[in-house]
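Visitor: Residue numbers (numbering that gives the first Met the number 0), protein chains in the order written: chain W, 0 to 307; chain U, 0 to 426.
FYI, nobody ran anything at the bench for these hints, they're computed from the structure.
Treat the numbers as computed from the prediction; the structure is a model and nothing was measured.
Don't take each hint at face value.
Distance condition first, Cα-Cα at most 27 Å in a straight line; then the derived DSS-like pairs of lysine-lysine [what the hints assert, rightly or not]:
1. K266/W with K343/U
2. K61/U with K136/U
3. K178/W with K222/W
4. K293/W with K222/W
5. K178/W with K200/W
6. K293/U with K266/W
Label-pair distances were calculated between CB atoms; the ranges are [stated by the list, open to error]:
7. A250/W with K138/U: 33 to 39 Å
8. V135/W with E115/U: 20 to 26 Å
9. D32/U with G156/W: 58 to 64 Å
10. P364/U with V77/W: 52 to 58 Å
Positions of the beta carbon are idealized from the N, C-alpha and C atoms, including for glycine.
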Amino acid sequence: MSTATPVEEDEGTRIARQRFSEGKRAERRLGLMLVSPAVILMILVTAYPIAYAIWLSLFRADMRTPDQNEFVGLENYVTVLSSSIWWKAFGFTLLLTVVSVVLELILGMLLAIVMHRTIVGRGLVRTSALVPYAIVTVVAAFSWRFAWSQGMGWLAGDSAPLTGEWSSFWIIVLAEVWKTIPFMALLLMAGLALVPEDLLKAASIDGATAWQRFWKITVPLIKPSILVAVLFRTLDAFRIFDNIYVLTGGANETSSVSIVAYNNLIKGLNLGIGSTMSVLIFVTIAIIAFIFVKLFGAAAPGSDEGRR
Amino acid sequence: MARHGVLNRRTLGLAAAATLVASLAACGGGDEDVPTINLFGGASASGFDEIIADCNEEADGKYRIVGNLLPSDADGQREQLVRRLAAGDTGMDLLGMDVVWTAEFAEAGWILPLDEEQAAAASEDTLEVPLETATWKDKLYGIPKHTNAQLMWYRKSLVEKVGDGEPPETWDEMFEMAEELKSMGEPYEIGFTGARYEGLVVGFNTLLSSFGGTVVNEDSSETTIDDKTVQALELMQRLASSGLASRSLSNSQEPEVFAQLQNGASAFSLNWPYVLSAMREANPEIAEDLGFAKFPAAVEGEPSRVTVGGMNFAISAFSEHPDEAFEAAMCLRSPEHQLSHALKAGEPPVIVSVFDEPEFQEAYPQGDLLLESLETASSRPISPVYQNISTIISSTLSPPTGIDPERTAEELDEAITDAIEGKGILP
């Protein structure tokens with residue numbers, strides 16, 4: 000907005016500017032007032048439980064031995080972080096997250112392109128692609144479980160894949176991927192809609208192949224969508240519970256961190272240890288989100304230009 | 000005046016309507032003033048609804064038992080009970096509890112101890128070990144409902160080939176016989192529940208008790224792991240590595256152990272009493288050849304001490320009708336009802352005199368032996384953190400071939416001590 004010749008500020012401009020900033024302030028106040036109910040609600044339903052979980056994690060709080068409950072400081076964290084059960088579950092969850100998110104991204108991208116490029120029956124294709132996402136996870140998980148049950152399921156035959164560690168792992172991945180591809184595809188499709196058709200046509204005239212057009216034009220342009228989709232899915236996948244709960248119940252070393260936390264909180268009634276695990280899951284997720292947001296910030300359009 | 004009259008009439012009308020609604024509501028819920036005793040656990044056993052109906056008739060308006068459904072697996076049942084008890088739910092009165100839950104529920108203050116009179120009534124003519132499972136810190140909390148104990152099943156024709164036809168009395172004898180059968184090319188396997196689950200805990204506890212050992216002391220304040228534990232682990236390791244157990248020992252639960260006997264691989268099978276009636280259906284030929292004897296002893300001359308299973312009734316601390324709940328429980332487990340339950344649902348009684356009933360004897364040829372086994376039986380560790388202890392035992396001992404007696408005993412000691420100190424983690 001800077002002009003070549005600085006203009007002397009007269010009274011009128013000053014007042015106008017003041018009014019303008021006053022208006023802005025009032026607007027901000029109104030904005031704060033309007034969001035405050037939501038903020039208060041969020042504090043009640045989110046901040047309070049989180050704070051309470053952190054508080055509980057500092058106590059020996061076992062409902063089975065209520066007389067022995069006491070403040071133990073960080074002892075619960077030492078217990079959990081030195082437990083092989085926790086790290087085993089952590090490793091399993093991490094592996095599951097990486098494998099399923101990668102597969103979801105690839106397949107989700109394919110589905111997004113199909114949905115984007117469909118000319119005939121567009122509505123039908125898009126709606127039917129969303130069906131897995133619309134089914135309640137537990138219901139879908141039960142279908143998978145029965146399908147993979149020995150002697151009963153159409154996929155299992157005589158084998159019992161849900162009793163082995165790696166076969167269980169791949170079935171969980173399958174259930175998870177099948178379920179969330181539509182979510183991935185939907186977010187990516189929103190990104191695809193922003194890619195200007197002219198750009199692709201121009202590249203095509205310049206002799207770029209479809210593969211080159213995809214990697215050099217489409218992917219850079221929809222990078223923000225990809226990152227958001229991957230971030231959401233990573234956070235979700237790391238907290239995986241229902242699929243595992245139904246499919247294996249955590250047997251054959253297939254416990255995720257959420258399953259272990261559930262077992263200690265709900266089955267074991269050990270609120271101290273269980274809360275500690277919940278807090279650790281929360282922290283892990285916060286770290287993942289932080290890394291992604293940093294990545295995302297660096298890749299946002301605009302700053303991207305400067306780096307190159 | 001007139002306005003007053005109108006108001007009065009209106010109030011009267013309202014009051015009348017309210018009374019009507021209230022009485023209608025009462026009608027919907029059953030008879031007026033009859034306390035409902037909500038039973039959770041054990042209500043879905045075959046034929047149990049008839050027992051409930053019987054008791055309701057007997058109560059004659061004193062109370063009305065309603066049987067409620069729970070998940071079919073023990074973990075699911077416990078989870079639901081625990082969740083509701085932790086929330087102080089008054090909608091549960093009588094709880095059908097697995098024998099290993101007593102200490103946990105009692106310590107948490109969720110179930111009521113029986114008073115002296117009630118305790119006397121509940122212990123009358125009742126087997127000792129089931130009562131032990133219902134006791135925590137010298138107070139009786141549970142009313143034993145049914146019990147169970149493993150026996151040794153064996154193939155008579157095979158045992159005759161390697162001896163005088165008498166089944167082995169000790170583990171050593173059993174190993175010798177199996178070894179001989181193996182060298183003769185006959186079926187020789189010893190069936191044992193070695194998978195990583197509660198059955199492994201039951202098997203280990205039986206061995207440990209037979210050596211005279213325990214896992215925790217009486218008030219579960221410390222572990223009692225010693226050389227007896229090492230001996231029990233040695234025996235289990237010997238079974239696993241002798242080549243005399245099934246190759247799928249580490250995956251064998253009761254159905255697999257049963258199947259190994261059914262398909263002719265096992266010569267000996269350590270399993271629950273249901274085997275006989277189930278085998279008559281599954282493989283009549285084997286059933287003909289089936290003998291049963293006491294679980295083999297670990298130490299010669301000392302009886303084996305098998306681990307009891309079963310269920311106890313307990314009264315929820317949040318029940319609004321604890322006295323009626325006690326009466327209801329006593330009716331549900333009366334000798335007649337235990338007999339019919341044993342016949343219909345196959346769950347052995349806890350009242351000694353029922354074992355003498357001709358009907359029972361007819362249905363349970365192994366009844367006398369079962370009674371004898373139950374009289375020298377043992378209970379699993381009685382502790383508020385039993386869930387942890389059980390998980391620790393089954394995961395530490397699995398697979399049984401990996402047992403290194405001294406080291407495994409140390410591992411158990413450390414992990415169970417942690418659990419007692421509130422540092423246990425459930426996988």
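Visitor: Does each hint hold? Answer for all of them.
Guide: So, going through the hints one by one against the coordinates:
For a cut-off of 27 Å, the pair hint linking K266/W to K343/U is broken: about 32 Å separates their Cα positions. Between the alpha carbons of K61/U and K136/U the distance comes to roughly 32 Å, so the proposed pair goes past 27 Å and is violated. A hinted pair counts as satisfied when its Cα atoms are at most 27 Å apart, and K178/W with K222/W qualifies at roughly 23 Å. Proximity of K293/W to K222/W is assessed by CA-CA distance (about 14 Å); at most 27 Å being required, the pair is judged to hold.
For the suggested pair K178/W and K200/W, the alpha carbons sit about 34 Å apart, so the restraint of at most 27 Å is broken. With a C-alpha separation of about 35 Å, the suggested pairing of K293/U with K266/W is violated against the 27 Å cut-off. For the pair A250/W and K138/U, the beta carbons lie near 36 Å from each other, so the given range of 33 to 39 Å is met. At about 52 Å, the CB distance of V135/W to E115/U disagrees with the hint of 20 to 26 Å.
For D32/U and G156/W, the hinted distance range of 58 to 64 Å is satisfied, since their beta carbons lie about 59 Å from each other. Taken as a hint, the range 52 to 58 Å holds for the pair P364/U and V77/W, whose Cβ atoms sit roughly 56 Å apart.
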